[in-house]
Amino acid sequence: MVTAAPGVPTREHSRPVSTTPGRLRRWYSRAWPSALLLLAVLVAWELAVALLGVSEFVVAPPSAFAAETWNSRELLLAAAWITTQEILYGFLISVAVGVGLAVVIARFSWVDRAVYPLVVLFQVVPKVALAPIFILWFGYGVTPKLLLVVVIAFFPITLNMLVGLRSIDPDLLLLMKSVGATRNQILARIQIPTSLPYLFAGMRIAITLAVIGAVVAEFAGASDGLGYLIQFASTQLDTPLMFSALILVSLLGLVLYYGMSLAEFALARRFPHITAESQ
Amino acid sequence: MESGFISARGIGMRFGGTSTAQPVLEALDLTIAPGAFVTLLGPSGCGKSTLLKILGGLLEPTDGEVSIGGRPPSEAVDRRQIGLVPQRPALLPWKTALQNACVLRDVATGKGRSAESLRAAENALALVGLEEAAGKLPHQLSGGMAQRVSIARALAMDPEILLMDEPFGALDAITRDEMNEKLAEIWTQTGKTVVFVTHAISEAVFLSDTVHVMGADPGRLVQTLDISLPRPRTREVFDDPVFTDYTSRLRELLEPKATV
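Protein chains in written order, with the numbering used here: chain X, 1078 to 1356; chain P, 272 to 531.
Take these hints with a grain of salt, some might be off.
Stated by the list, open to error - Computed cross-link-like contacts, DSS-like style, restricted to lysine-lysine with a CA-CA straight-line distance of at most 25 angstroms:
1) Lys-1204/X / Lys-463/P
2) Lys-366/P / Lys-1254/X
3) Lys-366/P / Lys-1204/X
4) Lys-382/P / Lys-366/P
5) Lys-407/P / Lys-366/P
6) Lys-407/P / Lys-453/P
7) Lys-463/P / Lys-453/P
The set of hints was computed from the structure by calculation and includes no laboratory data.
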């Protein structure tokens, strides 16, 4: 090992690679203060409803919707399963569409010129407002839900993936040209693997948008699912059930978001730059 | 062909395409013999990296012509004659040192990973003294080691010409001296034609048969100096009075106003 003169940075040290148990411990130590705060808020909520005498039709105390959740567990779980499927399938289609679009835009400059401005323009359309139109076209089945999830969720994937595909190291590009590499070789060997951390950042945004898309589509017209349940409960003035469904849909979003992070860690074993660059 | 393996005639380069733009290179002639170690030495912004890319067919000059072995440089690229070593290692972070050493060869041959390409990469890693680190990922390598993988990546293709663009510019002084010795050794063993770009005078003298001194605004050749120090050269050569004579002559050529 060489030692550099004072003031000269030496690069003989290798960077430490953080291990999964280390990450878990860090996550755990970060999570408990917020868990404690959440608990305090729930206790304060319960007390406030009881002491201020707020009507249960307006705000249900945590104990009420905890009981409601338990009593209606079969109804809630069945609805949650429907919504989960809509979110997951919609999300998978969004990833396929988002990645496909980004790759085609990055690969063919005429697609970039023709399609990309329209994709950006499409973003000014408030996607939520499309829900009634999709219901009109495709009825009350699963198609309009998937469609709304996709139109809401694909864009951050496309955008992030595109940034990743274009963030190619100019030296690497020159190296590939020095051996006469084709555009497709550069895309497959350099650009797509390089863009993986960007893709995951986009997917993490997209999964939360997918939850919104599915719930909004159910609001607009559905016969099942958590979004439908929230709206049904509101017509029945069943505030505890509304809160139960709301909490369940939030939990669903949380689980899916952390599921994404888990998938990211799994893939980082093969592509270490995914986490190395986000640290 | 023996006298001029790489030959450049009347090279001019302007970026932006407009004829009013200040040229980066102007009316530059250069001949490089096969198997020679040639250095382009000059201040920052004199167009030496641009000239290197033009010589390797990676950049089309605005004026003039380059030929490699009597043919256009684009053919040299197609026939895997050009091995490029850029300023930064530019390794793929998800591939091991050995896999990185395979990358250019695999792309150049157009076939997938084969036992043959793995063997070539292993040999190239051994040549740069890194066989121990074959399984390491780039973030586990030091700057000097990463740059040696970059050299191995070029050598694995067995190109006739190595184009090196300030490959040791980012290394600390001690690692840089080690790398220079290693490169001199590799050059002796492989007999490649090397075109090396640097702005470090002692590095240029230590490594080269011929040093082409370049000036800026516009980029042009100022003088050509043959270095007739005996080979193999080790770090003892730094104390040789002939060596210091060369370095002071080159320093004067680079800074004509600062003559003592």
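Each hint, compared with the structure:
no., hint, verdict
1, Lys-1204/X / Lys-463/P, "61 angstroms, violated"
2, Lys-366/P / Lys-1254/X, "20 angstroms, holds"
3, Lys-366/P / Lys-1204/X, "41 angstroms, violated"
4, Lys-382/P / Lys-366/P, "18 angstroms, holds"
5, Lys-407/P / Lys-366/P, "8 angstroms, holds"
6, Lys-407/P / Lys-453/P, "21 angstroms, holds"
7, Lys-463/P / Lys-453/P, "14 angstroms, holds"
Of the numbered hints listed earlier, those contradicted by the structure are 1 and 3.
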